Structure formats: C-alpha cells, structure tokens
Amino acid sequence: GENVEQHPSTLSVQEGDSAVIKCTYSDSASNYFPWYKQELGKRPQLIIDIRSNVGEKKDQRIAVTLNKTAKHFSLHITETQPEDSAVYFCAAPHSGGYQKVTFGIGTKLQVIP
Amino acid sequence: DTAVSQTPKYLVTQMGNDKSIKCEQNLGHDTMYWYKQDSKKFLKIMFSYNNKELIINETVPNRFSPKSPDKAHLNLHINSLELGDSAVYFCASSQVQKGTDTQYFGPGTRLTVL
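Sequence order for the protein chains is X and R.
If you read the first sequence in the working numbering, its first letter stands for residue 775, the second for the next number, and so on.
If you read the second sequence in the working numbering, its first letter stands for residue 809, the second for the next number, and so on.
These aren't lab readings, by the way, just hints derived from the structure by calculation.
None of the values given here were measured: they were computed from a predicted structure.
Be careful, since some hints might not be right.
List of simulated lysine-lysine pairs, DSS-like, C-alpha gap at most 27 angstroms [unchecked claim]:
| no. | chain 1 | residue 1 | chain 2 | residue 2 |
| --- | --- | --- | --- | --- |
| 1 | R | K817 | R | K879 |
| 2 | X | K832 | R | K817 |
| 3 | X | K874 | X | K816 |
| 4 | R | K879 | X | K882 |
| 5 | X | K845 | R | K879 |
Here are some chain R residues the structure puts well away from chain X; computed CB gaps all over 12 angstroms [stated by the list, open to error]:
| no. | residue |
| --- | --- |
| 6 | Q822 |
| 7 | N825 |
| 8 | D826 |
| 9 | K827 |
| 10 | S856 |
| 11 | R871 |
| 12 | D893 |
| 13 | P915 |
| 14 | L922 |
Note that beta-carbon positions come from the ideal geometry of N, C-alpha and C, so glycine has one too.
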C-alpha cells in the first residue's frame, strides 16, 4: 500500500515570507499528487495538483514540485498572507485498482501578520 | 449549487445510541467515500463505494455500516456509539479515472459522543 509522510507538522512564517511543505511517498507507481487546504472549521479543498509527467506546476503564489526518482513532492507558497493560514494535506493515490487516496498527517501553517 | 452535502452538520448524542449521517453529491461522480478526522486533524479513509459497490473497508469496527442506495448517495449508520467515535466525519466523492482522483469533500459532520 501507499505510505505518505509529510513534514513539518506545524509551520509559522512571517507575512510575506515563503513556506515549504514536503511529502514523501512509497508507491513508485503513483502518478498523481494533489494538495488540499483546510481552513478552520471548513472542508478540505484541492488547491493544486501535479501529475508524474511534469516536474513543477505553478498557480499564482503556489507551486508544487515533484521528484519521482526520490519519491517526494513539495508545496511552495510565496509572499504568504494571513489568509494562507490553514492545514495543508498532501495526498497520493494507490496505483492498483480503484483509487484509494492516502493523506499525509497535515501541516498547520500559521502566517503571522 | 452544493456539490457534496451532508446532514446533519452537528450531532451530539449519548454513548450507546445509534445515529446516521447522510451524504449526497450532485457531481455525477461514480465513487463516494467516508473519512474520519480526529482531533489531531488526521484524515483517515473508512469506506469507499464505486457505483454502489463497497470497494474499500479500512478495518472499521462493524458498528459502522455504510449504505449506498444509488451512485449519488452514501449514508453512514453507527450503532452503539462510543466516546472514541467523537470526530468530524467527511463524505467525499470523485470520478475515478486512471491517474487522477480529485476528492470533493462535504462540509463535515461533527459528532460528539457524551
């Protein structure tokens, strides 16, 4: 099965600084890596994803990088703002059969104004 | 339009009671899930249904019984509630495609067992 490790579990940054969250996965056949953001009291929502045929994807202030050889992928948030404060989850699907997604433990990001 | 909806949003009950949570999705997805999120925010899959068939059952106690009357609905019934069942339960849906699987989550049901 898939094993997903995520770190750090908590991260505090000053507003305007960058934040990086890293995940590793175990199933070398996994080919799709989403990131979800969960604001306090809300549902997790997809913010960005990457497929295994690309190494990096950007969407305004957020980007995701993927290193398939090392089996790790990272979320980068630049010019952080207070509204970026949330819990972020990485995820990786299992490669066999119907999709089962394993989530990382989550990273609580606090952006200090 | 609400894509994935759950009811109720809050559920407070006594130990030993039986309760149900309902979930509906209007996205036309073929797969639905139940997740449990504990106080440490860890998201753990409980069940997955594809076209009304149970696909994943992650060693959840048999006090939990999911039911999918059709592709758009997945309900969760819990018997003999225990203190440790207190958590937020999220329903989710996705369109299973080889290589991608974006999960669309419902708003969650906060279950408190007293």
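Okay, which hints does this one fail, numbers in order? 2, 4, 5, 10 and 13
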